[in-house]
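S.K.: The chain contents come next:
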Amino acid sequence: MRLLKLVPDDTNIKFLRWRVPFYLVSMILIAASWGLVLTQGLNYGVDFAGGQEIEATFTKQAEAPVAALRKQVSALGYGDPVIQRFGAPNEVSIRTKLPESAEGNPGAAEAISKKIIAAIRANNPDVRIESVSTVSGKVSGEFRQTAIYALGAAMLAISIYIWVRFEWQFGVGALFALFHDVSLTLGMFALFQLEFSLQIIAAILAIIGYSLNDTIVVYDRIREDLKKYRRMPLPELLDMSVNETLARTVMTSATLLVALIPLLFFGPESLFGLTAAIVLGIFVGTYSSIYMAAPILIWLGVSGDSFVPTESAVDRQERLARERSAKP
Amino acid sequence: MLEFPTWKKLWFWGLTLVIAVAALPSLFNVAGLPWPRALPDPEVSLGLDLAGGSHILLEANEKQVAQQRLENMEESVRARLKLADPRIRIGDISSANGRLSFMLKDPSQVDAARDEILPLTTGAGLTGQRDWDIRVEDGSRFVLTPTREGLDQAVSNAMDSAIEVVRKRIDALGTREPTIIRQGENRIVVQVPGLDDPQALKNLLGQTAKLEFKLVDESATPSDVAQGIAPPGDEIVPWADPNSPGAGGVPVIAVKRLGGIKGDQLTDAKQSFDSRNNSPVVSITFDQTGGAKFAKLTSENVNKRFAIILDDKVLSAPQINEPILGGSAQISGSFSVQSATQLAIALRSGALPVDLTVVEERTVGPDLGADSIRKGLIAMGVGSGLVVLLMIATYGRFGIYATVALVFNLLMILGIMAVMGTTLTLPGIAGFVLTIGAAVDANVLIYERMREERKKGRRVIASVENGYKEASRAIYDANITNFIAGVLLFAFGSGPVRGFAVVLIIGLFTSVFTGVMLTRMWVANWLRKARPTELNV
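Protein chains in written order, with UniProt numbering: chain A, 1 to 328; chain B, 1 to 537.
Simulated from the structure, these hints should not be mistaken for laboratory data.
Take these hints with a grain of salt, some might be off.
Listed next, the stretches of chain A that the computed footprint assigns to chain B, with coverage defined by at least 3 CB atoms under 8 Å from CB atoms of chain B [said to hold, decoys possible]:
id, region
1, 131-137
2, 148-160
3, 269-278
Just so it is clear, the structure is predicted and the values come from calculations on it, not from any experiment.
Every residue gets a Cβ at the ideal spot worked out from N, C-alpha and C, and that includes glycine.
Please model the complete structure; the sequences and the hints are all you need to start from.
M.R.: Right, here's the structure in full:
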């Protein structure tokens, strides 16, 4: 039986030849991502913005009365709701952000939520409320804070682990690759104004963990090759290591993708954002382990000596003694 | 590396099967099959986002506890100094700015006053902790400031009794299996599965149910009262329903601050109907001391009106036609049957020692949850199918080993979750799918290495051995970084997101066990039996 090979044997792609342009492009993308996040802002869901999200099914209608709903909710004076289809045409989610004036009042979100639900019920007798999420300003502020702590702590802790297991250059490389992945994912969310919720933070943490798998595979091979070919120029050695592990890098990403993509199409609607973020992160992460994590080692000055213990005084004496006795 | 003595095989198989079997009750349940009663049935519990239900986060108002404590202190100080012998007269008492201050009329009584107050300011515990700091300013002004420890203790006590009250109220609604947990300093998490009307629960929990009876000051000038100007010794209280007949068109009423009684000494409260006009009322029964106080209040004030005040709003202000001596009374107001029932439950369970506010709510209906499970299972099935196809197409026989390992892996995750009693949430389903994709990564790394070693010209057995040995470093490193991310996600995450972390973390351990250890056992077995001369990988 002939087996499938996603990557042909013995590839010899000169990845590192283009490292400078690729790095420039990545830097620009990172900068653009942060620019977008800062100017456009992220489209915070109720978790981070406060307010309420109500999912409702209109059981006696083929299609949800979106325009009428918008009018009914707006009339309450808490701002315009975001109304999105959610699954079938008669299912929608209705989201309103907490008015700024109500952020300091812990009970406001709940009171507003109650009024909105009452208004929807009064105008649409056939409505079935599927789910309600109400988050007050204080709680959403705490969520924002813990999210930042969690992301920062995860990136740092993992980089420190890589530093301990490899060398500091690898730790910096991993940190940089992670920063790249997180930045680009955030950038995508800002660009497409996808709803940014607690689930997306979970997705980004998962990306931080899994995008590093490829990086570790490449780093592990670089370390092995550094010990084996101590005289090989670094760019050449890195190219070799990346090529040797290319099949693995591609295959591990492929298994993740084929598992996750059905979840995008057949899975529950509420998991779409989370799944989309992870899928996005896998692409970005695979790219970064090849183009970000490896080349940075050249600039940080990794060498074969990084891993071979330097000769101790005793060893040196013994070696000299051996050499002397070997000479006639 | 490839030596597998019998004891090791038995150990591996035993562990795998025991854990995998623990998953069966949960699977039977999903499939709708009955699980034999005689057998133990550890089952994965479903999160509220899958089973349907409400998660409600309540926050207590700490400032209110502090204010309440100041007011109580003011009362105690007044009473104590009044009873002192000789009596200590004070004036200019104020409880503004979070502290209590008052002047002594006679500055020579400073020491006597201090001796009287001192016992009021020490904590109830044996630690000798001071709940209040006493300072004397300008020779005759006492300033009592609450200490941080004393205040924390008061908040903590208030929370403990608030939880008790919350529990009683939820039980009164007849809800099954509620979870009520204190969270942090001043929060309570309430989780109630499958609820028809979360609004009723929230209304009930949001009602402090502080009931008071105070005399109406008939001498107050109506126009002043309407403007919010209270005569000395009075306070202005708004009507709960300005349209109620007793209000007479004025939305507020003046009542005497002192001399009323509190309605916290009840033995029973239930909804009933007024015999005269058949409107819903709440009948209350005082306990012995409460009944005595109520009898005294009513007999001393016949033909006057008293206001029934609930949570600082007047429900009604009936006239006392005759002394009420039996210890029971009726609370009338603009009630519906539902709101009267709710008030009866709230009064029966006691007043909350502090106002609770709903600061977060997540409610999911049962239909949506069931729909999510169905869609999640379909996606998981398709995803696993594709992963299996890809693995078998790429690695042939070894792909089959990886597939069997994957099946055991999923069963073991489910089994461990069932035994540990963890909860499967909606993001947890995504965690399963992610684990399916990631679990075979260990196999990919091993098989690719075997392929490489074989290509370099090593013998079959040496290639396999090296494949497992050399790949394991990267496998462990990768799993540890994932573990770090998972643990942080668990630590910082809340509710459903934690369910995601739980599946990922358990999945890391089972993946290494099934993907590396079990497949090595099977591959070793095959090598010994078939003695292959070529590795088709």
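S.K.: Are the hints correct? Go through all of them and say.
M.R.: Results for each hint:
1. Remark: the region 131-137 of chain A is confirmed as covered by chain B, as 6 of its residues place a Cβ nearer than 8 Å to a Cβ of that chain, reaching the required three.
2. A count of 6 residues in the region 148-160 of chain A with a Cβ less than 8 Å from any Cβ of chain B is obtained; the coverage claim is therefore met, three being the minimum.
3. Against chain B, the region 269-278 of chain A contributes 5 residues with a C-beta closer than 8 Å to a partner C-beta. That satisfies the three-residue criterion, and the hint holds.
Violation of the numbered hints given earlier is absent; every hint is satisfied by the structure.
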